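Chemist: Sequence:
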Amino acid sequence: MEVEIPKVYSPESIETYWAREWVERKLYRPADNAAGPSFCLVIPPPNITGSLHMGHMLEHTEIDIFMRWRRMSGDNVLWVPGTDHASIATQMIVEREIGREALPDLAPGPDAARVWQREGQRLRIEMGREKFLERCWQWKEANGGTIRRQMERLGASVDWTRERFTMDPSYGQAVIETFVRLYEEGLIYRAQYIVNWCPRCMTALSDLEVVHEERQGKLWFIRYPLEDSSGFVTVATTRPETMLGDTAVAVNPTDARYSNLIGRSVKLPLLDRVIPIVADEFVDPAFGTGAVKVTPAHDPNDFALALRHNLPRIAVIDAKAQMTDAAGPYRGLDRYKARDAVLHDLADRGLLEKTLDHALSIGTCQRCKTVVEPLVSLQWFMKMAPLAEPALAAVKDGRIRIQPESGLKKYVNWMENIHDWCISRQLWWGHRIPAWYCDACNEVIVSRKDPASCPKCQSHQLRADQDVLDTWFSSALWPFATLGWPEPTQDLARFYPNNLMIMGEDILFFWGARMIMMGLKLTEEVPFRALYVHALVRDAERQKMSKTKGNVLNPLEVTAKYGTDAVRFALAISAAPGTDIAFSEDKVESYRAFANKIWNAGRFILMNLDRQPASARKALAMALEPAPELGFAGVVENHGTNHAQAELAHRWIFSRLAAVTAEMNESLADFRFHEAAYSIYHFFWHELCDWYLEWVKPEIAQPAPETRASSAWINLMLVFKSSLHLLHPFMPFITEELSRRLPGAESSSSISLSKFSLVGARAEDSVSEKEFEELRALVVAARNAKAERGLQREKPSAQVASDDRRLLALFRDCQEAILRLAGLEALNFTHGRLPSDAERIAVGASTDLRLFHETKVDAEAERARLEKEKSKIEQSLAQARRQLENQEFV
RNA sequence: GGGCGGUUAGCUCAGCCGGUCAGAGCGUCUGCCUUACAAGCAGAAGGUCAUCCGUUCGAUCCGGAUACCGCCCACCA
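In the numbering used here, the protein residues as written are 29 to 918.
One or more hints might be untrue.
As the list claims (entries may be wrong) - Straight-line alpha carbon distances no greater than 25 Å define the calculated SDA-like cross-link-like pairs of lysine to any residue that follow:
| no. | residue 1 | residue 2 |
| --- | --- | --- |
| 1 | Lys382 | Leu298 |
| 2 | Lys783 | Gly102 |
| 3 | Lys424 | Asn445 |
| 4 | Lys168 | Gln394 |
| 5 | Lys411 | Leu550 |
| 6 | Lys54 | Leu80 |
| 7 | Lys159 | Phe193 |
| 8 | Lys295 | Arg267 |
| 9 | Lys646 | Ser778 |
| 10 | Lys411 | Lys549 |
Treat the hints as calculated values from the structure; they're not laboratory data. What you are looking at is a predicted structure, and each value in this text was computed from that prediction instead of being measured.
Input sequences plus hints: build the corresponding full structure.
Modeler: Below, the structure written as structure tokens:
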């Protein structure tokens, strides 16, 4: 009776089935008192705002491969899943949704989105904090599940019972604890300082959230008349509207052109304010005119310069990027309108000397792309230098291994140039800053619990801080807060420090660096022992995938089309460390073909197994259960086929299996996913399928004569099973499905919980490998010769001649396989070499082959081919000779 | 301005410690529906490993320079 197995592998139903099964059985929840060493990784929590994209899929694939590999290698593995509340991103999305509900008739598009955003922002303030937060939570409930469903479908072997969210109540406790502790240590402070301000989002931003863009701008040269009207100083600026806030002009103290002006004053045009000329090293004499207008309230450099010279700050631009009252006649104008007006008025007065084109880099808001305005404002900051020092040391002394090296270099470079971090955000969705202000005595109270009264003056007039923390502040606690910190939980004891972190290089500073700093500070331990920085997924043209470009591939769509296993494999085999991945459907297609190949190999084996007598099948199942520590099973019975021939292939494949296992272990330990993937791909297809299965075909087609399993079958099953195990971290679904269909696996255990390596090093057998290579070379030479002579249609006879008696005997023993695989009719064997005529084909160093055939060969073509071959051989001969004549080489 | 990476077959890319590495997939060409797989099988063609200069007995690999391409950081008005 034939087993019904479809010829073409269709992953859809199989993958969805196992995906659900794995979750329902809580397969990846580590046992509470397991013996093995623990291995823990916490997921880089995706933002609840987004559905997963190809970058996530790469990340989850790499993590999952690693975790499955560790789990199958005996570790007690925990992969903690979860999501991030993404303060600013979520707030924007919810605002936009509210805006859209209010204005449902707009045709969707970028313009509408802008209008919705503005309207939503207005409505948010109207509806108030509490109601708005309610909407955010609703949104989270509705959308957070998408990520989980996607991850389940991708087969991520996470422990869902430990799923966390950065705004879980207990997580919030960790955030408050952190803030209070760092405040008490003086590492968090509140100050008036110049910050990056987004006038659209109406919040401060950290330096990292400002994206610099190269833009073509202008450099305007403006004349500032000297106070005594004895002339003027010309300054160059890219932002003329800020001149209204100028409180000085600065020149370099060594600049001879201006040395007589230092200490004198100019009259600020348009406002007629008298401001001093100061000398400061910061000024580059070579740039512009060598004289700089100083606007302390709207330029970070000028802010610092003003501090050095005790200059006043005059804010002329407000939080909405409109001119303030201090801007005099320009008050109320938008900053760009004000620029035009200022330029116009300066030109009118003959004070605009000239205008040059000037490329400049301009800061924009990461979220909304609005040009950021540097503004002085009262914010919370974190001192970074004291945190960076140990974070740098931990990496330099190897307590944390960062790979690849490019990631490490970036990390070091960033850490060495670190600035204080503005952590407060004028947003609502997020962790509230645990600070209160006493109206009576101006005391600032930072506390773990809501204070009832001011500890200093007992006043009850306390105002809670309205701001929330930068999302990355809470994310920085992720490796330990997910495990229960600050409580001394069992999970923390077992799984902290995490063993590994895998993330994209785009968040190395946002997140990776900050986790290390916070981990070291708060837990006095590294948060993780290794950090692997993975590449970006780009499209086939190496373009960054983005919605606006329309080149985004949705993982679920690609997965539905080709199967998760194929997509995972395509990603893994493309993931060479340090380089971005050009991802295309073509690639996925070829690994779908690989999945199909695996499927058919399984189908072939199962079909043949089915033809075996029931008694033999039963015996085989028993022989395989429990799975023995593998190696070549030893005896191969002689069922008509030649003993040596049968045994050789088995010995060879076991040896190869051992080698591939070792290779994969080595590659994976070093995060070289592409190498490990390639090893198993090549082994499975081009060794197991192309040679081993072909070789043993006749052998396994034989019905077993007795009621015991033939060792050929035992070997075959063991080899196939081992291969599935090696493949499993990469292609979890198809391997789970096939392994369940094999005999001896009736038990309900999943392949994902069994051993990665079933074959020990004792299977290594260099003699068999070498012998098999000789045979393979002979077969390939015969095939080549046939194809080159246009003999593919016929089955020629052949003569094999070798002066190596041992080889000759081997060939004779394996005659049947050679004839079958090379497509030859008959072989005869001669000791010695063949005469050197055109028909002689060299096989290796000591063997010749000759074909006897009917079809005439194209003599001219053959001659050309041989000439070419000759020159090739001569070349390598010459090289070998050079080397051998070379004393140093020898 | 600072830092980092890339340049290998028509295309997309591997190639860790310098000498059996000049490789894979896709594409192209030839022959095969061989009783697991045409999403397959057996073959073939195709490369001065960007350029120049060093180190070395020997360089795709190490060092330097150049030319393109790309990324990250950056308080140069």
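Chemist: Work down the list of hints and note, for each, if the structure agrees.
Modeler: Against the structure, the hints come out as follows:
no.: 1; hint: Lys382 / Leu298; in the structure: holds (18 Å)
no.: 2; hint: Lys783 / Gly102; in the structure: holds (7 Å)
no.: 3; hint: Lys424 / Asn445; in the structure: holds (16 Å)
no.: 4; hint: Lys168 / Gln394; in the structure: holds (22 Å)
no.: 5; hint: Lys411 / Leu550; in the structure: holds (15 Å)
no.: 6; hint: Lys54 / Leu80; in the structure: holds (23 Å)
no.: 7; hint: Lys159 / Phe193; in the structure: holds (21 Å)
no.: 8; hint: Lys295 / Arg267; in the structure: holds (19 Å)
no.: 9; hint: Lys646 / Ser778; in the structure: holds (21 Å)
no.: 10; hint: Lys411 / Lys549; in the structure: holds (12 Å)
Checked against the numbered hints given earlier, the structure satisfies every one of them.
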